[in-house]
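Number of protein chains: 2
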Amino acid sequence: MLQVHTAGVFDFDGYLSDRRSRVEGKLTEYLATGEPALLWEAMRYSALSGGKRLRALLTIAASEAVYAGSELQKLAPDLDCVEAVMPLAGAIEMVHAMSLIHDDLPCLDNDDLRRGKPTNHKVYGEAMALLAGDGLLTMATEVLIGASDSRIPRQNLLDVALGLSQAAGPSGMVGGQVKDMQFTGATDSKFDISTVESIHSAKTGALIRFALWSPAKLLGAQQKQSQALWRLGEIIGLAFQITDDLLDVTGDATTLGKTPGKDQATQKATWVRVFGLDGAREKLASMEAEGKELIEKNLLDNLDAPVLHSLLKYSIHREK
Amino acid sequence: MLQVHTAGVFDFDGYLSDRRSRVEGKLTEYLATGEPALLWEAMRYSALSGGKRLRALLTIAASEAVYAGSELQKLAPDLDCVEAVMPLAGAIEMVHAMSLIHDDLPCLDNDDLRRGKPTNHKVYGEAMALLAGDGLLTMATEVLIGASDSRIPRQNLLDVALGLSQAAGPSGMVGGQVKDMQFTGATDSKFDISTVESIHSAKTGALIRFALWSPAKLLGAQQKQSQALWRLGEIIGLAFQITDDLLDVTGDATTLGKTPGKDQATQKATWVRVFGLDGAREKLASMEAEGKELIEKNLLDNLDAPVLHSLLKYSIHREK
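Protein sequences appear in the order of chains X and R.
In this text, residue positions in the first sequence follow our numbering: the first is 1, and each later residue adds one.
In this text, residue positions in the second sequence follow our numbering: the first is 1001, and each later residue adds one.
Quick caveat, the hints were computed from the structure, so don't treat them as lab data.
Glycine is no exception: its CB is placed at the ideal position from the N, C-alpha and C atoms.
A few of these clues could be false.
What the hints assert, rightly or not - Only some residues are given here: those of chain X computed to face chain R with a beta carbon under 10 Å:
#1 25
#2 125
#3 138
#4 161
#5 181
Given the sequences, and given the hints that come with them, work out the whole structure.
Next up, the structure:
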């Protein structure tokens, strides 16, 4: 299924670059110019501003991991499973982009820079940034339902559309943003490990879990696999956040594309604050080990390359 | 189907009051307390703050008008069609509430009062209001898909969820808010009737059209009926907006629950500004006549009371 092997060696960078460019291409297509032109420009400005595309890559890799033997493979054996999950991967990236736009607004984080570029409201003004975020949130569902292949079982598509709303909403991302806001600036005595976990589990974790679980649901994979992907999503989501917290302390501005040290300055609830640098690193190592075992036991039988494991490692060992 | 007849006379006020209270009850159920508690409180503050519930009433009335002979009646003859569209009606009201919260924010209309009460951000702060709006937008899809009866044909539910995203998004409500913002304050020479129509058709029209069309799609009504409801949605949407513009000039603050004269002060693109008071009133009269004929020709055969016509009249002859 993967077209990025050279003499039997898996080319992970080649894989990432190929899949990323397919996602970018699709996002460009989904967000092609419409009216009012400036609104669409503002939406594209944030949704097409690069970034790691971690969520979309997880969705694609999970799809490639579970396609063989899935309900959809039996129904439509000629369907390219990467193509089949593109509307889903695009929708997830739109929800993510929307959360960054709204998070950066003056009334929340008041950030001027994102990925080394001026934030949406710095370019288009607050009102347009607010509405561009709203527009991306509605476009996510529109693209997921409107652009998905008609051979995908209808109940699967409904389950995934429901899951996306839950991951994005008050029980997920939006709820996490509120918790984060409520605990930012709180004194040390006021929060503990369960507080930090609950913030991250909702704010960034919900969408990452959904990114891994949803392709299994969409394609109709075996239940063992969708459960393993859900747990892998918990692991990668948490690992990704701990790495973010570490990089805020140890990273440098040029590589990060944003100013480090901000968490401490704003007294954010972070892993490093609760466990220290060494504690956070130990936690990461044990999570990587659990994730690796999970993949090997439940998912590798359908994979012709250790893509998911590479993505797990990447989410932990990245430098930005 | 209606339980509000007394000695053969249709009690429209009784009908409105009954259907409104069922919608309020369902919204209360859909938005029952969750975590974080303050986010849910902020969402409920706006979604349960009363209001006319025009959109939900249109959805319910359209459902009652087309249920007889629909696909769903054949599939599930024991289903109460009002109950069947409650998740849809609730979702539409949540999208509407979300649009009011974001519209009222300082970066947009900067309104302090809504329906005679302090606006969401005046009570909960800007950040929470922003996130409460985001939360209501995701909850709309969550409730529509998650709470709808499992006997509703899956493709119908997908078509309606797609339609809701389109009505709320850049081609609908959000796009209309952007256009409105871009033309507010423009000089007279800069806008004409097609500009005003295009703003209203998107900003308020899209959701009202959807409110009337979507129950026909959900229940699987005859195509003649869903087309008539779409056109009726165009008429009621536009009539509702022209009436709003008129009330801003002729209404009084106590009845309206908001300050009149604001359109003129902010140089909004309104019908009265383009056509004058008499021109706007003439337009309303001709639209009411067209809507009445449309209902009589295409929809009345399934109705045991002229509910849709009463709602058309109500959207035009209301005093607030």
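Against the structure, the hints come out as follows:
1. 25: Check failed: Cβ of residue 25 of chain X comes no nearer than 20 Å to chain R, outside 10 Å.
2. 125: Constraint on residue 125 of chain X satisfied, holds at 8 Å.
3. 138: 3 Å, holds
4. 161: 6 Å, holds
5. 181: 6 Å, holds
In this structure, only the earlier hint numbered 1 is contradicted, and the remaining ones agree with it.
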